[in-house]
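Read off the chains here:
Number of protein chains: 4
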Amino acid sequence: MHGDKSRVIVNGAYGKMGTMACETIKKHPTFELVAGLGSGDDLQTAIKDTKAQIVIELTTAASVYKNSLIIIDNNAHPVIGASGLDANQIKILQDLCAKKNLGGIIAPNFSIGAVLMMSFAASAAKYLGEVEIIEAHHQQKLDAPSGTAIKTAEMILKARTIKKNQLELKEIIPGARGARFEDINIHSIRLPGILARQQVIFGNTGETLNITHDSIDRSSFMPGIILSCERVINLKSLYYGLENLLD
Amino acid sequence: MHGDKSRVIVNGAYGKMGTMACETIKKHPTFELVAGLGSGDDLQTAIKDTKAQIVIELTTAASVYKNSLIIIDNNAHPVIGASGLDANQIKILQDLCAKKNLGGIIAPNFSIGAVLMMSFAASAAKYLGEVEIIEAHHQQKLDAPSGTAIKTAEMILKARTIKKNQLELKEIIPGARGARFEDINIHSIRLPGILARQQVIFGNTGETLNITHDSIDRSSFMPGIILSCERVINLKSLYYGLENLLD
Amino acid sequence: MHGDKSRVIVNGAYGKMGTMACETIKKHPTFELVAGLGSGDDLQTAIKDTKAQIVIELTTAASVYKNSLIIIDNNAHPVIGASGLDANQIKILQDLCAKKNLGGIIAPNFSIGAVLMMSFAASAAKYLGEVEIIEAHHQQKLDAPSGTAIKTAEMILKARTIKKNQLELKEIIPGARGARFEDINIHSIRLPGILARQQVIFGNTGETLNITHDSIDRSSFMPGIILSCERVINLKSLYYGLENLLD
Amino acid sequence: MHGDKSRVIVNGAYGKMGTMACETIKKHPTFELVAGLGSGDDLQTAIKDTKAQIVIELTTAASVYKNSLIIIDNNAHPVIGASGLDANQIKILQDLCAKKNLGGIIAPNFSIGAVLMMSFAASAAKYLGEVEIIEAHHQQKLDAPSGTAIKTAEMILKARTIKKNQLELKEIIPGARGARFEDINIHSIRLPGILARQQVIFGNTGETLNITHDSIDRSSFMPGIILSCERVINLKSLYYGLENLLD
Chain A
1 MHGDKSRVIV
11 NGAYGKMGTM
21 ACETIKKHPT
31 FELVAGLGSG
41 DDLQTAIKDT
51 KAQIVIELTT
61 AASVYKNSLI
71 IIDNNAHPVI
81 GASGLDANQI
91 KILQDLCAKK
101 NLGGIIAPNF
111 SIGAVLMMSF
121 AASAAKYLGE
131 VEIIEAHHQQ
141 KLDAPSGTAI
151 KTAEMILKAR
161 TIKKNQLELK
171 EIIPGARGAR
181 FEDINIHSIR
191 LPGILARQQV
201 IFGNTGETLN
211 ITHDSIDRSS
221 FMPGIILSCE
231 RVINLKSLYY
241 GLENLLD
Chain B
1 MHGDKSRVIV
11 NGAYGKMGTM
21 ACETIKKHPT
31 FELVAGLGSG
41 DDLQTAIKDT
51 KAQIVIELTT
61 AASVYKNSLI
71 IIDNNAHPVI
81 GASGLDANQI
91 KILQDLCAKK
101 NLGGIIAPNF
111 SIGAVLMMSF
121 AASAAKYLGE
131 VEIIEAHHQQ
141 KLDAPSGTAI
151 KTAEMILKAR
161 TIKKNQLELK
171 EIIPGARGAR
181 FEDINIHSIR
191 LPGILARQQV
201 IFGNTGETLN
211 ITHDSIDRSS
221 FMPGIILSCE
231 RVINLKSLYY
241 GLENLLD
Chain C
1 MHGDKSRVIV
11 NGAYGKMGTM
21 ACETIKKHPT
31 FELVAGLGSG
41 DDLQTAIKDT
51 KAQIVIELTT
61 AASVYKNSLI
71 IIDNNAHPVI
81 GASGLDANQI
91 KILQDLCAKK
101 NLGGIIAPNF
111 SIGAVLMMSF
121 AASAAKYLGE
131 VEIIEAHHQQ
141 KLDAPSGTAI
151 KTAEMILKAR
161 TIKKNQLELK
171 EIIPGARGAR
181 FEDINIHSIR
191 LPGILARQQV
201 IFGNTGETLN
211 ITHDSIDRSS
221 FMPGIILSCE
231 RVINLKSLYY
241 GLENLLD
Chain D
1 MHGDKSRVIV
11 NGAYGKMGTM
21 ACETIKKHPT
31 FELVAGLGSG
41 DDLQTAIKDT
51 KAQIVIELTT
61 AASVYKNSLI
71 IIDNNAHPVI
81 GASGLDANQI
91 KILQDLCAKK
101 NLGGIIAPNF
111 SIGAVLMMSF
121 AASAAKYLGE
131 VEIIEAHHQQ
141 KLDAPSGTAI
151 KTAEMILKAR
161 TIKKNQLELK
171 EIIPGARGAR
181 FEDINIHSIR
191 LPGILARQQV
201 IFGNTGETLN
211 ITHDSIDRSS
221 FMPGIILSCE
231 RVINLKSLYY
241 GLENLLD
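Protein chains in written order, with this note's numbering: chain A, 1 to 247; chain B, 1 to 247; chain C, 1 to 247; chain D, 1 to 247.
Worth flagging that the hints you see were computed from the coordinates, not collected in a lab.
Zero decoy hints are in this set.
No distinction is drawn between identical chains; accordingly, a pair holds when it is met within one copy or between any pair of copies.
Below 25 Å or equal to it, Euclidean Cα-Cα: the simulated SDA-like pairs (lysine to any residue) are: (1) LYS163 to THR30; (2) LYS100 to ASP4; (3) LYS158 to THR212; (4) LYS16 to ASP217; (5) LYS26 to GLY40.
Note that the structure is a prediction, hence the values are computed from the model and not measured.
Using the sequences and the hints given, assemble the complete structure.
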């Protein structure tokens, strides 16, 4: 019998991430994939029919908010991976979950490694004031710096208690010292042969500390999705950021 | 007047570390170097004469225990960098400090970067089961693996909750997969042009997380000594390991 | 008209490499894919019918020799990627090509980056005697060290004119210093999240030189296959190793 | 007897590099240090008195040209490490050596590792069009990018035959994509705990090739000075760039 397995719906099952999520849930010993829904399926009906306990929401920015409301309204635990929610929408969803004591997660990034990298960078910033960030991506990513690099800089700035050295820079060629996010320099590489990498380098007297996260495949998001499914069952509210599910 | 400055003795002031520690304390705005002692000086007399509040103990394995007893007996805060204390001696020193509510620190490694690296490795091990360690040192370091690599492995094993994959290895040339400390593989590089490096690589589906500490100069120990001097004044017991002074 | 395009057959078109090779040739402006053959197709008939000028041979170790004979016998330029040829077979194929002044290539590794890495390692070894190799692969690769690591060590040993320091090693845990291929230490990492990486570290007084090749996808072999197809047309003999096609 | 040893003068023997060069020559089995000269010594007299065969010139930008003329005029082999010679002066010195068939070397960088790094970068650029450069230095180096990074970019541009992809960049924060030297992006890191590092990353379909040179100590220049002394004896002209002495 399947009594021990949590029943999971993947919404947005036909995209790259959704296809991979379905395969991952299918193979997992403690979860049962009860439905993989595309844009033509009705989410509310599916939750009711399958008695789904968890819905992994991987649709588009345009539909994520509406779908999240349906998931919560039907008492399923939301595991929301699609970006596109604004701060106000997140607040409304969190309030709804709080009233129901319903556990869930909204994660802009499901990679456990990336979340740990950012968390360690923030911890190190308490003791090491000098830091620069290098991010490298494939050439289809034209925006620079990456959102993850900016978020990392924000977390470092928030955690930092030590003043950074003020250097009297002289850029012989403009841009050499990278982008400045407040006083943190961020450097963006765009090359083929790289999917996504982020490196945070802390410099201190006579030593450096490097924290580097490398992603070579979208499968890197699967362990974070599984961890989320495992945890939301026992949570009583809707968290924003995978780091909140790591102890 | 010097009323605001903490009075510091460096014991073992003529070794490489001691010389550097004296220079560092001299230049620091909130500490005053009241004595730099060699093997011919009397530590107890010096503490009494200078009214030293902190003693940085950097002598040899042979004399560190005896000196530590004198420091505590004379109510100075010990900052003990020399290795060579066994578990029993550490226990005795901690008991003596506890009775006096005297703050102090025994640190096998004063590099803040190295301590953070080990701490992050232990944290990551809660979520990422697959890990290997690479350490690289100059060619005068003949023992392999390094003490720091082994300590890192111990901390990972203690923190780890996930099982590691069991691989059916086939070493075409013996040693290819490195030293095994329980199920953690450790690889030791010995090359000129490197002082001390340690890298912990966590592998996960589609992603890797690298935490690397690099030391190019003994000066890397100075920030940890300063941090210790700043903290011991307000502590009430004797800590073992710099990580305990990081929040 | 297609007169300017070289006519290419991919033999072994339904494997992972073959499928990718077909797509690559199709998209290329100066090549025309005239056939993609599976195990049921007759290679000799296909060459004759299509007037193929080049055959990319990507079948199995069991059939590569027989197929190579057919390609040469029918005056097509062989681009042979499948491993499984022994030294004697290579010699026979080279003699056949030499008699016909027929250009071709047998490449154990079609990655241009990997070939450059090995070539640079050999060049550096003329000046820098101290070197170690670290290779890292996914956990399905159980043999250690990798063939590429061993080949790199061979090339370094052949090029090296300087004696390496003899260290009096003391392995606290056996295997710490890795596999020894003559006096070159090779370290093998096996972790998820890595496809294939190889790093050669040269150490010298006060400096290190790192040459690292990273492959995250089988597509890394395609530029080498294209380069081979471009060059074989103008060659007069059968080369072993892609490095011979790089100037 | 010393008959087999080449007689060497170090000019500028009291600077950091000069002191190290004197020690290095003294310890070397095939060279004899016949004089270490400071600013008060007369170079011409010293060459004549000591019958020096080689002069290592490590003085300042202000005096290097004048000293080089004296060295050549007195038929000693010049090993010129000081920068500060312009193109015209180099030409004059080369012409003088050519007339006398006198071997010598002018090297802006005596690190063998750095020279190999640049040479490999130029070689790789023949096959791999996509490349970026990251250089990292201590915080006292305020100019960015470094001279070595610019020289590497020049060598790559000269060697490159393949067109680079034109990306439609969007810098969310100005400078994110670094300095552009023609179409090569250069990123400059300035952190404590680093002396000098330079990394060249080539990206290709599915693969990257990294060539990284790390210097942690000025002693990294000594092997290049020794190599130069060994080679100039048998040369017949004055070379510019250590790369010309590597085969």
